[in-house]
Every structure is written in structure tokens, then in C-alpha cells.
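Chemist: Okay, so the sequence shown: first residue is 153 according to our numbering, each after it adds one.
Hints were generated in silico from the structure; no laboratory data involved. Keep in mind the model is a prediction, meaning the values are calculated, not measured. Note that beta-carbon positions come from the ideal geometry of N, C-alpha and C, so glycine has one too. Any given hint might turn out to be false.
Stated by the list, open to error - No more than 25 angstroms apart at the CA atoms, straight line, and that leaves these computed lysine to aspartate or glutamate pairs for DMTMM-like: (1) K231 / D365; (2) K326 / D369; (3) K231 / E187; (4) K233 / E263; (5) K329 / D177.
Said to hold, decoys possible - For each label pair, taking beta carbons as the anchor points, the in silico distance ranges come out as: (6) I426 / I343: 38 to 48 angstroms; (7) V401 / V258: 48 to 58 angstroms; (8) A348 / A413: 21 to 31 angstroms; (9) V344 / L404: 18 to 28 angstroms; (10) L430 / K331: 31 to 41 angstroms; (11) I426 / G385: 29 to 39 angstroms; (12) K331 / I426: 15 to 25 angstroms; (13) R442 / A413: 48 to 58 angstroms; (14) P264 / K168: 50 to 60 angstroms.
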Amino acid sequence: MANFQYIALDSKGEQKTGIKQGNSDAEVIQALRGEGLYPTQVVPEGQGTIAATPGKKGKKKTKRKAKGGKASKVGGKVKPKILMIFTRQLATLIDSGLPLLRGLTVLGKQEPNPVLQATINNIGESVQGGSTFSESLGQHPKMFNKLYVNMVKAGELGGVLEVVLTRLAEYQEKAHKLKGKIVSAMVYPLIVMFIAVAIMSFLMLFIVPKFRDMFRDMGDGAQLPLISRVVFGFSDWMLARPLILPNAVWILFIAVGSWTAFGAWARTVKGRSIVDGLKLKIPIFGDIQRKSAIARFSRTLGTLVTSG
């Protein structure tokens, strides 16, 4: 049996170091887990060096590192699918007996996404510096939300991090599929509506004026129905140039400006509350939104309960 140096975290997140005998690093990792410790580094004695850095110093070191050339990439947003794959891969590595820090190092080297790669490396440095995994994740709120961080923290305290990560990956996969179904259900009507508006605008600007000229050539004796006169009048109004540009162009500018202003207002607390309430009252779409929210809440609650 050989001696192995190790760094591990206890249930309180405090760092422990020592030397333990075993036939392999995997055996030492399993033994440490049996003692309620969570190993972050295991190195054969004499073949490598490990340094336990106090948590506060480690955090300062991580922050200084983040000010380097890749600081702009660290902690940015990534697509949910990319984060889901990372969570699944990390859970698999830890479940196979690999220490957390080594698993982060492996994923950091293999990750093709530059933002996630820089963030993984930053998290690895923070863990190596003495911070817990959940504390390191909490330094990147744009990428890891409170649910993610708190579930990881619960997994650390219970010694079942790989189980919690697996459940997180399953939760993200189901949420991704549900979002895809909702988008598919809502995209088709929106596309049809957009095409209908585009066709109507084309008819009013190019086709209707030709019919209007044709009926005018027939003479004043031809009395047109009311609906025809309304259509021709609306077409004339869209082509009119009271302020240099046609009214149709002004409609486009006003629509874009109104949509931008509405989007800014909808991001406020009061605006978001009103918009969300209106979404639930829209026929068909409101029912989809309501069922989606209920499914998301139930899945989140179930994941939290099963994770302790």
C-alpha cells in the first residue's frame, strides 16, 4: 500500500489535509468519502505537491486572476443546453471516483465554449484556493442561478454531490425539452401573423393602387362599394408623404420605437407584473403559459425535496 496526500472538505466546508494509505487514489477517495469528507485533491506522496490555501486568500487570488486577459469571458452567460452538458459530464466524472478539482480541470481543458471554459478554470482556482464548490459557483450568478448554487450546497453538506448534479442535469434536460415544446407551439401562429401583415402591406402599397387607377379610368359613373372605398382610402393614406417619408415608413418607425419602449418598461418590476398577468389572460397562449409555470414549479420543488 502507498501513501497519498489529500485535501478534502468536511460537512461545514472547512478544508482538511493529511496522508492516507491505499492501493490507489480511487480507493483513498472512497475511504475519505466514507469518513464524511469530500476530496478535492489526492496525490501519491513524493510524486506531486499539494498546497492548502486558506479560503480568504484563495478568494483574493481568484479575483486577481479574473482581472487578467480572460476576465471578460469569466462568468458570462451560456446557452442552457451547454450548461446542461457540463453538469451531466461533471456528475459522471465525480460518480466515477474522480476528485472535484481534477474533474473541473479535465472539463476545463475539453470545453470548446470559451466563456464556460474560462469560468470552469476560475471555479477550479477558487476551489483550490479553499472555497467550497457552491461558493465558487456563487461568484458567477449570470451562469449559475440560486437554485443551482443552493442544490450544490445541499449536496456538499450531505456528501451526495454527484447525486445532486445528476438531478440538476435531469432537471435542466426536462426544462429544455419543455421550453422547446412551448416555443414550437407559439412560433407557428406568430409566423402566420407576420406573413399576413407582410402580405397585407404589400397589397396596400403595390397592388391596390393599380386597381384604384384602373377604377378611376372607368369614369365617375362607376360607384364603388363602401368597403372598396375604405381600402383605396387606406392605401392612399399609407402612400401619402405629409412629412417627406410615406406614412407606411412612419408606421414602421413608430412600431419599432413603441416595441423598444415597451420592452424597457416590461423589464421593470411593475411592468413585468402587469405583462405576466396579461400573458395568463391571452386565449390559448395564456393556458400554455400557465401550464408551463406550474410544470416548472412542480419540477423545481420535486428536485429540491429529493435533494434534501
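Chemist: All the hints need checking, so say for each whether the structure fits it.
Modeler: Okay, the hints, checked on the actual structure:
Our distance criterion of 25 angstroms between C-alpha atoms is broken by K231 and D365, whose separation comes to about 54 angstroms. Between the alpha carbons of K326 and D369 the distance comes to roughly 64 angstroms, so the proposed pair goes past 25 angstroms and is violated. With a C-alpha separation of about 38 angstroms, the suggested pair K231 and E187 falls outside the 25 angstroms cut-off, and the hint is violated. Between K233 and E263, the direct Cα distance comes to roughly 13 angstroms. Compliance with the 25 angstroms bound is thereby established for this hinted pair.
At roughly 38 angstroms between alpha-carbon atoms, K329 and D177 are farther apart than 25 angstroms, so this suggested pair is violated. Take I426 and I343: their Cβ atoms lie about 27 angstroms apart, and the range 38 to 48 angstroms is violated. Between V401 and V258 the Cβ separation comes to about 56 angstroms, which falls inside the hinted range of 48 to 58 angstroms. A348 and A413 have their C-beta atoms about 25 angstroms apart, which keeps the hinted 21 to 31 angstroms range intact.
Checking the proposed 18 to 28 angstroms range against V344 and L404 shows it holds: the Cβ atoms sit about 20 angstroms from each other. Between L430 and K331 the Cβ separation comes to about 21 angstroms, which falls outside the hinted range of 31 to 41 angstroms. Between I426 and G385 the CB atoms are about 36 angstroms apart, so this pair conforms to the stated range of 29 to 39 angstroms. Between K331 and I426 the Cβ separation comes to about 23 angstroms, which falls inside the hinted range of 15 to 25 angstroms.
A C-beta distance of roughly 27 angstroms is found between R442 and A413, which places it outside the suggested range of 48 to 58 angstroms. Between P264 and K168 the CB atoms are about 35 angstroms apart, so this pair departs from the stated range of 50 to 60 angstroms.
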